[in-house]
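These are the residues of each chain, in order.
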Amino acid sequence: MIDYLIQYPDYIIVPFLEHLKITAITMLLSCLIAGLVSVLIMRSKVLSNLVVGMFSAVYAVPSLALFAMLIPFLGLGERTAIFVLTVYNQYILVKNIIAGFQSINPAIIEAAYGMGMSDLQIFFKVRLPLASPIILAGMKVAVVSTIGIATIAATINAGGLGTLLFDGLRTQNMVKIAWGTLLSSLLAVGANSLLNLLERKVQKITNEN
Amino acid sequence: MNTAIEFKSVGKRFPKSEHDAVSNLSLTISDGELVTILGTSGCGKTTLLKMVNRIYEPDSGQINFYGKPINEMNPVKLRREIGYVIQQVGLFPHMSIADNIATVPKILGWDKNRISARVDELLELIELDPKEYRKRYPRQLSGGQQQRVGLARALAADPSLMLLDEPFGAIDAITRRSLQDELLKIHRKFGKTFLFVTHDIHEAFRLGDRILIMDGGSVQQYAKPSEILKNPANDFVERLVSSARQEEIEWNAGGDGNDRLSHPIS
Chain U
1 MIDYLIQYPD YIIVPFLEHL KITAITMLLS CLIAGLVSVL IMRSKVLSNL VVGMFSAVYA
61 VPSLALFAML IPFLGLGERT AIFVLTVYNQ YILVKNIIAG FQSINPAIIE AAYGMGMSDL
121 QIFFKVRLPL ASPIILAGMK VAVVSTIGIA TIAATINAGG LGTLLFDGLR TQNMVKIAWG
181 TLLSSLLAVG ANSLLNLLER KVQKITNEN
Chain W
210 MNTAIEFKSV GKRFPKSEHD AVSNLSLTIS DGELVTILGT SGCGKTTLLK MVNRIYEPDS
270 GQINFYGKPI NEMNPVKLRR EIGYVIQQVG LFPHMSIADN IATVPKILGW DKNRISARVD
330 ELLELIELDP KEYRKRYPRQ LSGGQQQRVG LARALAADPS LMLLDEPFGA IDAITRRSLQ
390 DELLKIHRKF GKTFLFVTHD IHEAFRLGDR ILIMDGGSVQ QYAKPSEILK NPANDFVERL
450 VSSARQEEIE WNAGGDGNDR LSHPIS
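Protein chains in written order, with the working numbering: chain U, 1 to 209; chain W, 210 to 475.
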């Protein structure tokens, strides 16, 4: 395996970096959009159930089918992959963001209002820190699922570690398959530790305030 | 004596409700008074309390806070002048006890040393050793201790008025008694105006300079405890007082002759 890496470093490093890029862009976009969507729908229970239900229906569509369906509109490549992955993440992220905010004991919010905290102060000092463990848990699931599903995006020419896996499958090259598997797992573990770090940071900040 | 709060023909009906939660209510609360609001659940006592800090808005009438109509004040600023304690306490679970108590002083922009000194002072007031409790989190405290901290948090920025919504309702009888004692001590020490909602007649009589008895959204009697016992204003008050007396008689009859209760009522 190491021989292969030394011999053809680009065959491994390039797909790894592509995968990293797809994952990073997807997560950034997903979190931004999910945050926005959640803020818009949170106040209405009916609306949030409807939207989360819709996302869950999309989430249930197999990724290969969704990629295929979107090729006529978005073409082949990275862009389509990022689009699909971002749509998938909405279910996980929006569901967790809403669950996070709903998990807060209403008495805490009432006390906060009663003390004379403004809406913004309550959001940043009370609601967000209290919802953040559940939101971060959602982000961890989303990042792992993104890394996994992104391998399938190789089928629509998006690059990434999926190319190693599919090439390996086609040519019965176990070394390629092993590298593909190892690196996507490493990526997932790495992303998770990064989020754990973020979690500790968030806790520290809220405790100091 | 100055008037702290004045209700002028205040009415409130919740959407989808068939009757008023509070109907055409007028009364005044003097500065420095401890008024207990007594009534059964659904009598409008909590609604009345929450209209004072504008958690609820009245449909009609006007409420004055030291002479100023509260509907002309910014609700957020108004609330910072009013301490608010609720039965569920509502401490912030992600903040230490010290940070919980410091919430309003921090919003008001006090400097660090002043906040720190104030936190220590309040912890001593509620008889929790600052060294031991400053850094603890709410979940590490008993229910009674949590409510003590809730009280300290409400007192932190030295508000002129305290609103307390059944603060000891979920606390065991022994701890409740000691909390009542502490509340009386705090009230005497600072001379602030306290509005204290309760459904416990013993608590209402024990704490109140005056008692406001409510039923069906209106005032049944608003007088000193001794006056209520001597001259109940109507059947409802009469029944309320006699049921409490009956309870005490049963307590004593069930015992072995030892006096188990002090008798605030009889």
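You may find that some hints are simply not true.
Claimed, not checked - DMTMM-like cross-link-like pairs, simulated, lysine to aspartate or glutamate; straight-line CA separation at most 20 Å: (1) Lys315/W / Asp10/U; (2) Lys286/W / Asp119/U; (3) Lys433/W / Glu447/W; (4) Lys259/W / Asp119/U; (5) Lys344/W / Asp329/W; (6) Lys394/W / Glu330/W; (7) Lys286/W / Glu110/U; (8) Lys321/W / Glu281/W; (9) Lys401/W / Asp418/W; (10) Lys433/W / Glu215/W; (11) Lys225/W / Asp240/W; (12) Lys398/W / Glu242/W; (13) Lys398/W / Asp409/W; (14) Lys259/W / Glu110/U; (15) Lys398/W / Asp381/W; (16) Lys259/W / Glu330/W; (17) Lys277/W / Asp240/W; (18) Lys315/W / Glu110/U.
Claimed, not checked - The following label-pair restraints were derived from C-beta to C-beta distances: (19) Leu194/U / Glu281/W: 48 to 54 Å; (20) Ser56/U / Gln455/W: 21 to 27 Å; (21) Leu120/U / Glu266/W: 46 to 52 Å; (22) Glu281/W / Phe123/U: 49 to 55 Å; (23) Phe123/U / Ile383/W: 38 to 44 Å; (24) Leu194/U / Arg323/W: 38 to 44 Å; (25) Asp418/W / Gly35/U: 37 to 43 Å; (26) His228/W / Ala65/U: 54 to 60 Å; (27) Gly35/U / Arg386/W: 44 to 50 Å; (28) Leu74/U / His228/W: 40 to 46 Å; (29) Gly35/U / Arg323/W: 56 to 62 Å; (30) Ile104/U / Pro278/W: 57 to 63 Å; (31) Ser103/U / Asp240/W: 40 to 46 Å.
Hint data in this document are derived by calculation from the structure and do not stem from the laboratory.
For clarity, every value in this text was computed on a predicted model and none was experimentally measured.
For glycine and all other residues, C-beta sits at the position ideal for the given N, C-alpha and C.
Violated constraints from the hint list, given by number and in increasing order: 1, 8, 11, 13, 15, 16, 20, 21, 22, 25, 28, 29 and 30
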